[in-house]
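Trainee: The chain contents come next:
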Amino acid sequence: MNLFRILSEKPWIGTPLTAEGLAVEVSQAPVMVPEKIALRFFLGVVGVLFGLFSIAYFIRMRVGDWRPMPEPGTLWFNTLLLFMASIVLQWTHHRLKHGREDGIKAALTAGAVLTLAFVYGQFAVWQQLRTAGYYIASNPANSFFYVLTGIHALHILGGLWVWTRAGIRVWSGTSPDKISLSVELCAVYWHFLLLVWLVLFALLSYT
Amino acid sequence: MTTYLPIADQPSELHDPHTFISKYVWSQDHKVIAIQYGSTAVFVGLIALVLSGLMRLQLGYPNTFAFIDPSNYLQFVTMHGMIMVIYLLTALFLGGFGNYLIPLQIGARDMVFPYLNMLSYWFYLLSVLILLASFFVHGGPTGAGWTLYPPQAILRGTPGADMGIILMLASLAVFIIAFTMGGLNYVTTVLQARTHGMTMMRMPLSVWGIFVATILGLFAFPALFVSAVMMTFDNLIGTSFFMPAVQSLGQNVAHTGGSPVLFQHLFWFFGHPEVYIVALPAFGLVSDVLSTHARKNIFGYRMMVWAIVAIGALSFVVWAHHMYVSGMNPYFGFFFAFTTLIIAVPTAIKVYNWVLTLWQGNIRMTVPMMFAMGFIFTFIHGGLTGIFLGNVTIDLPLSDTYFVVAHFHMVMGVSPIMVLFASIYHWFPKMSGKMFNVTLGKIHFWATFLGTYAIYLPMHYLGILGVPRRYYAIGTTSFIPDSAMALNANITQAALFVGVMQLVFIINIIWSLVKGKPAGHNPWEATSLEWQTPDTPPHHGNWGEKLPVVYRWAYEYAVPGAKDDFVPQNIPPEEVVMLPGAGKYVNRSEEH
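Sequence lines, in order, name chains D and X. Okay, so the first sequence: first residue is 211 according to the working numbering, each after it adds one. Okay, so the second sequence: first residue is 58 according to the working numbering, each after it adds one.
Certain hints may be false.
Partial chain D-side listing against chain X, Cβ under 10 Å, derived [what the hints assert, rightly or not]: (1) Leu213; (2) Ile216; (3) Leu217; (4) Glu219; (5) Gly254; (6) Leu262; (7) Ala266; (8) Trp276; (9) Met279; (10) Tyr330; (11) Thr341; (12) Tyr344; (13) Ala347; (14) Ser353; (15) Tyr356.
DSSO-like mimics (lysine-lysine), calculated; alpha carbons at most 30 Å apart, straight line [unchecked claim]: (16) X/Lys620 <-> X/Lys603; (17) D/Lys246 <-> X/Lys603; (18) D/Lys388 <-> X/Lys80; (19) D/Lys388 <-> D/Lys246; (20) D/Lys388 <-> X/Lys499; (21) X/Lys80 <-> D/Lys220.
No wet-lab data here; the hints were simulated from the structure. Where is the CB? At the ideal position from N, CA and C, for every residue including glycine.
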């Protein structure tokens, strides 16, 4: 869809007519599943959300009271879990796209388990940091760490809600098209949240 | 990959709801949701109107009303501002008119995600209830000002520092979730559910305004969300995102090092696009009203669309002009003054085009047309003072005075309200099937139009005298003459008059719903699709058996030789009835 071409149309000019008397569509929207468009916009919104948090992070960092906090090694393990979840969902999507439905249930379950493990892992990191004396309010670096990981985990849990809908469709045996769409949306969402996490992780480690 | 049918080609799967609950309460029909959104918004708007009356009583007649103390006053200011900007204007333009007009004007049966649309309304209602609950909690609602600047927003001593601010932030977060659900729907519906022949550039400007405003909202509201979350943490858990080390009531607070200016940047990164989230739908709606009642095509349709898109893009790079007095690098001030003045260019193009649409039009002085023309006046006045305030050197002395109050009430209060009334009167016959009382409508217009001028024009003078805004009482000073106090009392009288006259509108609407004459399906002889529905008000599914097919843009008025002076979008060219001897109908430009 070319924005500039759309915007340069002259609607007051009679467009050429087709045999049925219909105007030839100059900028008919490309046919896309509405859910995919909505997801793109939603990911844009989530991207802006984390982008603004990151900008706030950089600005707040420059104030003198910032004391960097250590990143526990567990975070690397968690990253691996989320990465695997993303891969499993991509694999499931790929398989459905080629019309194969065997192993789907197991793969979807694995994706959910890995994701839940990631969230639990993040929670475990919080516990480690708390026992080591890094409380949320003791330093802005800590505050940002807890808030950013917390908001990210909430988004992951939100994804699991969509995953549940996909799961219901799979287990109730809805039409393969719908299942395929649900799984594809899940996969895209997971990749995006993985990407967000990698950026956040880099941001948190960088300081 | 399976083939996917465009929505316009899909068989209708809508099932008519039969029970009262599924039809009017848990409804997924965009028209019912629009009316739910609209009436909730008008309801909270009336509360905010009463609050402004109370503020004016205090300002016009200080030391008279014992029940308004300084804390109450600040709470009224805060709640009035927040309700008007977010819970009334944003909700009514996008949730109300967006919901009602998008599917009808693009020829769709409903929104793409009806269930999400329903959820959006109920989340909005929840946010309103949370907000109103703050009137009843210990300490009352927050009195931090609608911008909620830290540190004072969460310090002891600010009214509502106990529960009020918590409920305010929670309510905003819920509102943003509601808006995001609605917004994803509006954008997707515009992009994917247009009927055959409805290209993007054939959409009425209402849809363009709502569409671009929704995109702005989707990307601007996260900034408010981020600041609300971080402020909640500062408040409840004791973090120091925004809270610096300050003394409050003689005690050192537990916070250190936080940056209040960071909050301001985040807030206004939302706050300025918010101005255009309200203004762009207003621009779109008023364009359609003006064109219809002037019986002329909108002047410069393409330019109008470009201006909407350009204003939308520019609105993200002007936010710091709200912060000139907060202190910033002079080059920053220069940059933001520059972008602010640039945005006046597409805005001025729109104003010229509205005026040129009227020029030599066959103007019908209907009630919606009066409000639309009133909007042109109020918007020009509010816009011109905006050019003053966009300059750093002029803003610095005026920023904390009534000049700013007058400016933003003209441009963001009165102007959108004028469009809202124009739109309500314009589409009321379609929504209800009844015609309103014209005499009452005209009384309402003149009272509102002249009354608001009587309120805000004198405020500019007060501001130039240096009368500070936000103050509970001015007291005696060397620079404010007695005549300013007299003027303040006059403003209050005008404000109360305008407030009371809104009852005329409410009475008119209720009376017309019950007793109004049937309006017919297209009382204004308009071209856009919503006036061509088989039923008025439109039934569930909007179009009966078949979706309409669109053959032209929405502004085919005053067609030479045509029997009627307008050609609806969905009439095939060969079916247009011509005057005897006028020849065959052609789309206008083919004459050349």
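Trainee: Does each hint fit the structure? Answer for all of them.
Mentor: Here is how each hint holds up against the structure:
1. This hint holds: leucine 213 of chain D has a C-beta 8 Å from the nearest C-beta of chain X, less than the 10 Å allowed.
2. For the restraint placing isoleucine 216 of chain D at the interface with chain X, the shortest Cβ-Cβ distance is roughly 5 Å, inside the 10 Å limit, so the hint holds.
3. A cut of 10 Å between beta carbons decides the hint on leucine 217 of chain D: the least distance to chain X is about 6 Å, and the hint holds.
4. A hinted interface residue such as glutamate 219 of chain D counts as satisfied when its beta carbon comes closer than 10 Å to some beta carbon of chain X; here the least separation is about 4 Å, so the hint holds.
5. For glycine 254 of chain D, the suggested interface contact is upheld, since its CB lies about 7 Å from the closest CB of chain X, less than 10 Å.
6. Below 10 Å, beta-carbon pairs count as interface contacts, and leucine 262 of chain D has one with chain X at about 5 Å; its hint therefore holds.
7. Annotation: alanine 266 of chain D was flagged as interfacial toward chain X, and the flag holds, the nearest CB pair being 6 Å apart, inside 10 Å.
8. This hint holds: tryptophan 276 of chain D has a C-beta 8 Å from the nearest C-beta of chain X, less than the 10 Å allowed.
9. The interface hint given for methionine 279 of chain D is violated, since its Cβ lies 14 Å from the closest Cβ of chain X, which is over the 10 Å cut-off.
10. The interface hint given for tyrosine 330 of chain D is violated, since its Cβ lies 22 Å from the closest Cβ of chain X, which is over the 10 Å cut-off.
11. Interface restraint check for threonine 341 of chain D: the shortest CB-CB distance to chain X comes to about 18 Å, outside 10 Å, so the restraint is violated.
12. Because the closest C-beta pair between tyrosine 344 of chain D and chain X is about 13 Å apart, greater than 10 Å, the hint is violated.
13. For alanine 347 of chain D, the interface hint holds, the least distance from its beta-carbon to any beta-carbon of chain X being 4 Å, beneath 10 Å.
14. Taken as an interface hint, serine 353 of chain D checks out: its beta carbon lies about 4 Å from the nearest beta carbon of chain X, inside 10 Å.
15. At a threshold of 10 Å, the smallest CB-CB gap from tyrosine 356 of chain D to chain X is about 9 Å, leaving the interface hint in force.
16. Simply put, lysine 620 of chain X and lysine 603 of chain X have alpha-carbon atoms about 26 Å apart, close enough for the 30 Å limit, and the pair holds.
17. Our distance criterion of 30 Å between C-alpha atoms is met by lysine 246 of chain D and lysine 603 of chain X, whose separation comes to about 27 Å.
18. Proximity of lysine 388 of chain D to lysine 80 of chain X is assessed by CA-CA distance (about 28 Å); at most 30 Å being required, the pair is judged to hold.
19. Simply put, lysine 388 of chain D and lysine 246 of chain D have alpha-carbon atoms about 13 Å apart, close enough for the 30 Å limit, and the pair holds.
20. Under the criterion of a C-alpha separation no larger than 30 Å, the hint pairing lysine 388 of chain D with lysine 499 of chain X is inconsistent with the structure, at around 54 Å.
21. Between lysine 80 of chain X and lysine 220 of chain D the alpha-carbon distance is near 41 Å, which puts this suggested pair outside the 30 Å criterion.
The structure fails hints 9, 10, 11, 12, 20 and 21 (numbered hints given earlier, in ascending order).
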